[in-house]
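Respectively, the protein sequence lines represent chains A and B.
Letter 110 of the first sequence, counting from 1, is numbered 299 in this note's numbering, and no numbers are missing.
Letter 57 of the second sequence, counting from 1, is numbered 674 in this note's numbering, and no numbers are missing.
Treat the hints as calculated values from the structure; they're not laboratory data.
No farther apart than 30 Å at their CA atoms in a straight line, the calculated lysine-lysine pairs in the BS3-like style are these:
1. B:LYS643 / A:LYS230
2. B:LYS685 / A:LYS230
3. A:LYS255 / B:LYS654
4. B:LYS667 / B:LYS684
5. A:LYS255 / A:LYS209
6. B:LYS676 / B:LYS654
7. A:LYS203 / B:LYS654
8. B:LYS654 / B:LYS643
9. B:LYS672 / B:LYS685
10. B:LYS672 / A:LYS230
11. B:LYS676 / A:LYS230
12. A:LYS244 / A:LYS255
13. B:LYS643 / A:LYS244
14. B:LYS643 / B:LYS685
15. B:LYS643 / A:LYS253
16. B:LYS667 / B:LYS643
17. B:LYS654 / A:LYS209
18. A:LYS230 / A:LYS209
19. A:LYS230 / B:LYS654
Here are some of the chain B residues that sit facing chain A, going by a computed Cβ distance under 10 Å:
20. GLN619
21. TYR651
22. GLY656
23. ALA658
24. VAL660
25. PHE661
26. LEU666
27. PHE704
28. GLY706
29. ASN714
30. GLN715
31. PHE716
32. PHE718
33. GLY719
34. GLY721
35. SER723
Restraint-style ranges between C-beta atoms, simulated for each label pair:
36. A:LYS230 / B:LYS685: 21 to 31 Å
37. B:ASP634 / A:LEU257: 44 to 54 Å
38. A:ALA191 / B:GLN618: 24 to 34 Å
39. A:GLU276 / B:LYS684: 36 to 46 Å
40. B:ILE727 / A:LYS244: 44 to 54 Å
Only a predicted model underlies this, so the values are computations on that prediction, with no experimental measurement involved.
The beta-carbon is built from N, C-alpha and C at its ideal position, and this holds for glycine as well.
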Amino acid sequence: GAVVSQHPSWVICKSGTSVKIECRSLDFQATTMFWYRQFPKQSLMLMATSNEGSKATYEQGVEKDKFLINHASLTLSTLTVTSAHPEDSSFYICSARDLGQGLYNEQFFGPGTRLTVL
Amino acid sequence: QQPVQSPQAVILREGEDAVINCSSSKALYSVHWYRQKHGEAPVFLMILLKGGEQKGHEKISASFNEKKQQSSLYLTASQLSYSGTYFCGTPTPYTGNQFYFGTGTSLTVIP
Numbered sequence: 190g191a192v193v194s195q196h197p198s199w200v201i202c203k204s205g206t207s208v209k210i211e212c213r214s215l216d217f218q219a220t221t222m223f224w225y226r227q228f229p230k231q232s233l234m235l236m237a238t239s240n241e242g243s244k245a246t247y248e249q250g251v252e253k254d255k256f257l258i259n260h261a262s263l264t265l266s267t268l269t270v271t272s273a274h275p276e277d278s279s280f281y282i283c284s285a286r287d288l289g290q291g292l293y294n295e296q297f298f299g300p301g302t303r304l305t306v307l
Numbered sequence: 618q619q620p621v622q623s624p625q626a627v628i629l630r631e632g633e634d635a636v637i638n639c640s641s642s643k644a645l646y647s648v649h650w651y652r653q654k655h656g657e658a659p660v661f662l663m664i665l666l667k668g669g670e671q672k673g674h675e676k677i678s679a680s681f682n683e684k685k686q687q688s689s690l691y692l693t694a695s696q697l698s699y700s701g702t703y704f705c706g707t708p709t710p711y712t713g714n715q716f717y718f719g720t721g722t723s724l725t726v727i728p
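Taking the hints into account, I'd like the entire structure generated from these sequences.
Here is the structure:
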């Protein structure tokens with residue numbers, strides 16, 4: 190099956206610093222990647238949809254200037270959490286949709302990044 | 618936009634069956650089902666498409682009622698490995714530019 194990698198798998202940073210998370214589709218091209226955030230014992234909440242070569246579409250309530258998303262190629266999307274604060278601590282997961290599949294087909298998930306802001 | 622799942626939590630003994638329901642206030646064109654273990658990414662189980670097409674694992678079954686905007690996941694003869702949190706999810710119609718997960722159902726299978 191298709192593989193999506195995510196890096197780093199965990200990160201601890203000080204309040205006020207920025208953290209970059211990479212999401213790569215390893216064996217397929219992904220025109221669309223999704224970024225989710227999950228707090229303990231809660232569902233995955235969509236933060237933004239990233240389309241290659243265009244600006245990301247953010248969900249209501251998600252700060253564009255704080256969560257910077259770049260989808261520079263068909264295999265790489267990055268999420269940068271700028272000026273991170275303890276309330277940004279969460280599990281961040283990306284997923285990708287295969288260019289060759291239909292809109293309603295399976296997404297492939299990265300393993301997630303555990304962010305802890307001290 | 619988020620689909621609502623029921624029940625929120627269920628505890629089963631090995632071998633018992635369970636049904637997890639997913640209901641949406643919006644029109645559904647496809648429903649995806651995933652299982653997530655603690656601290657891990659969701660694992661794909663099944664997709665149900667409008668018109669009756671299904672894609673997924675042989676040992677899992679599900680139904681999709683387009684008119685009622687509901688889907689149900691059927692877990693039969695449960696095993697310990699079935700434990701986890703189950704999520705339904707659905708893409709926005711036409712563009713599929715957003716994907717929303719349901720509220721989740723925690724399933725625990727005990728010996």
